[in-house]
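In the order they appear, the protein sequences are chains A and B.
Residue 1 is where the first sequence starts when you use my numbering, and the numbers rise one by one after that.
Residue 1001 is where the second sequence starts when you use my numbering, and the numbers rise one by one after that.
None of these hints come from the bench; they were simulated from the model.
Keep in mind the model is a prediction, meaning the values are calculated, not measured.
Just so it is clear, CB atoms sit at the ideal spot from N, CA and C, and this is done for glycine as well.
Treat the hints with care, since some could be wrong.
Heads up, incomplete: computed chain A residues facing chain B, CB under 10 Å, no partners named [claimed, not checked]:
{"id": "1", "residue": "32"}
{"id": "2", "residue": "39"}
{"id": "3", "residue": "113"}
{"id": "4", "residue": "121"}
Heads up, simulated DSBU-like pairs for lysine-lysine below, C-alpha to C-alpha not over 30 Å straight-line [as the list claims (entries may be wrong)]:
{"id": "5", "chain 1": "B", "residue 1": "1135", "chain 2": "B", "residue 2": "1163"}
{"id": "6", "chain 1": "A", "residue 1": "54", "chain 2": "B", "residue 2": "1163"}
{"id": "7", "chain 1": "A", "residue 1": "52", "chain 2": "B", "residue 2": "1163"}
{"id": "8", "chain 1": "B", "residue 1": "1135", "chain 2": "A", "residue 2": "54"}
{"id": "9", "chain 1": "B", "residue 1": "1135", "chain 2": "A", "residue 2": "52"}
{"id": "10", "chain 1": "B", "residue 1": "1163", "chain 2": "A", "residue 2": "305"}
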Amino acid sequence: MTTDGAAPAGTGVIHDLGYQHYDGPRLGRPAIIRALAWHSLRSAFGIGRGAKAKIVPILAFILMCLPAIVNAVAVAQDPGQPSIVDYDTYTYQLRTLVMLIFVAAQAPELVSRDLRSHVLPLYCSRPMRRLDYPLAKYAAFTAGCLLLVEIPLIILYVGNLLSASGGSGVWEQTKALIPGLGVGVLWALLLAAIGLVLASFTGRRAYATGMIAIYFFLTWTLAGILVEIAQHGAGPGPVTSGIPLGARLPGLISPFTVLDGVRQWLGGTNPGPIPPPGSVGAWYGVMFLVLLAASLGGLAARYQKVGAA
Amino acid sequence: MLSTVTASPQLRAGPGPGDAGTATGVIRTEALTKLYAGDVTALAGLTVDIHPGITGLVGANGAGKSTLIKILLGLLPPTSGRAVVLGHDAAASGERIRALTGYMPEHDCLPPDVTGTEFVTHLGRISGLPATAAKERAAESLRHVGMYEERYRQAGTYSTGMKQRVKLAQALVGDPRLLLLDEPTIGLDPAGRRSMLDLIGRIGTEFGISILVSSHLLGEIEQICDHLVVIDGGRLLRSDTMTSFTRVSQVLVIEVDEGTAALQAELAARGLGPRRSERGLLVRIDGDATYDVVRDAVADLGLPLNRLEQQRRRVEELFRDHEDEEERGDD
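Next up, chain A with everything else stripped away, as it sits in the complex (with noise of 0.2 Å):
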């Protein structure tokens, strides 16, 4: 809004006595949600921040994107020959280190930034409920991981899609695509919960990257250790014997792991970091739901308390 009417000539300064009262509309609160899950979900990319944000989500990006490109040049030189990506585990360690600077750099962006500069008393003090924060801060986050997940998975469809045979090409490609995207789903859900809330304990925001990577990072060499040890000990004999359940259990320690456990446990067929939990799939099930809510309701347990301070 501009004064109209310019003020009297003459002076040379602009006198602000011009107050203007809004009478334009007033959004409630699911806007309000949105407009700060839209900021948070720049923030996680870096945008609207200086360039240095943007370092660590543009080179997970391209990291995470090379896979599907060189699948795609592979197969455009060879139409032959079987996409060398799988949609599903789209070479899980990659995926898991990329993932892993992606959430330990960018959940503090979101959470940890505002505790520290002391905004949260303006977000209480407008018209927004206390749990919406962490809500919208989620929101945004998911959607942030998922694009990081999922956008390699759809150059990797096209990619086989161009070197595709026919019809039935095109069918198989779309068949394996779609599972693939539901583990990118369940991949963002737990990453951005458990990412967020080891974030929103401290302000800042070198301790908070820190505790997130060493969480994750411990957690998967770990399982991977205890994974392996029982597979030794269980003698170098013929993988028909089964897998024995001290090298199918180890899986539920690392978030990364649950995931793959998860994701045999529904179906998947292509070779995870960690063996087929056969009778335990279930377990990983569990394991996944508990360690979703258990971070959801620690978010939500630490908004309750920030609020009121």
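Fit chain B to the known structure of chain A by using the hints.
Just chain B now, with coordinates in the frame of chain A:
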């Protein structure tokens, strides 16, 4: 003790949904009490009526000012009693109150890596403004608080004064009917304090927005307030209009650059019975004739007259009196 004189009514015409009927009072509390865990009493039966205009909320640190503001915003449930803000019950319809109220917190709340414009625009959207309106209102609020080119710079480069202005702008962006300002002059140098107070005074009088401004410094806040609420230990000490706080006394202050003693003798001879004060003489006023007598005495002695005015009681003196009374009562 409780006076409910309406000072400079600034009620905005125009539809305020849901505030019909009780439109006269801006804030009303009834026996408001807040106990924190561990038997800490933040507010103890505070009953006060706040009217349109600028009201100062004065008290020492820990007197309960911030607790009161949080209860008024519906962020903290009172232990007992009740608060009504703009016609809405604070405990029940905090959201409604927060839609009509702008809040400026005491502490620093600006992230260093965003510009003033981005910050205020974003908070405008969180106040419920559509995107375009938020942008326009942010530009306007920043202009009103005197942030011009600086608003495109990152907040990390701002001086304390600029930060306070941006904090005020974010409170103003949603075009509130009431502003709650928590210690807005804290950390500012004297010049910065004066311009912040001027700004608050202008917002209160020219923008037609009621203001509750808290401060632990009585002297500065009294310059802009119509009404003063003084709390101590969570209890109401006094609530009154500014004029009744600083009512002019029936005492004349006379200051001369030299010859004070001679003047004192002369005035005594003319039957006024002057008393010596720090810098001059005090004379009880007995109608206009008193002025004539003083004028003649000064003129006859040929003294350089520096000051001749009715003594104003400073607010602080009143509280000193109050404390003295309390002490006497304790004896």
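*Honestly, which of those hints from before does the structure not fit?*
none
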